[in-house]
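Visitor: Sequence:
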Amino acid sequence: MASGPISVKSIIGVIITLVIGLSLLPIVLSTVASASASLTGAAKTMIELIPLFYCIALALATVYWAIGKTGT
1 MASGPISVKS IIGVIITLVI GLSLLPIVLS TVASASASLT GAAKTMIELI
51 PLFYCIALAL ATVYWAIGKT GT
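Here our numbering is used: position 11 in the sequence shown is 11, and no number is missing along the way.
Just so you know, these hints were derived from the structure itself, not from any lab. Be careful, since some hints might not be right.
Said to hold, decoys possible - Label-pair distances were calculated between CB atoms; the ranges are:
1. I20 <-> A66: 17 to 25 Å
2. S7 <-> I50: 32 to 40 Å
3. P5 <-> T40: 52 to 60 Å
4. L29 <-> T62: 47 to 55 Å
5. G13 <-> E48: 30 to 38 Å
6. L22 <-> G68: 30 to 38 Å
7. I67 <-> A37: 34 to 42 Å
8. G41 <-> K9: 45 to 53 Å
9. V28 <-> P5: 28 to 36 Å
10. I27 <-> A66: 23 to 31 Å
Predicted, not measured: the structure shown is a model, and the values here were computed from it. Glycine is no exception: its CB is placed at the ideal position from the N, C-alpha and C atoms.
Construct the complete structure from the given sequences, taking the supplied hints into account.
Guide: The following block contains the structure:
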């Protein structure tokens, strides 16, 4: 497996993206909590899964960056 050079600039970019994404997580959680208070059934279940998908998206973005930078 060939690995390319990883620049400090790109690492800082990913760290900044993760910090901003994780700092927005409480806003997502409070918005979901207030929105799901008035819902029932399947709609409430789907709304409550939004934070999970948000965290998965952040993790996938990091993994995608790591795979893209190291090469295959």
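Visitor: Hint by hint, where does the structure go against what was stated? Just the numbers, ascending.
Guide: Numbers 4 and 6 - these are the hints that the structure violates, sorted from lowest upward.
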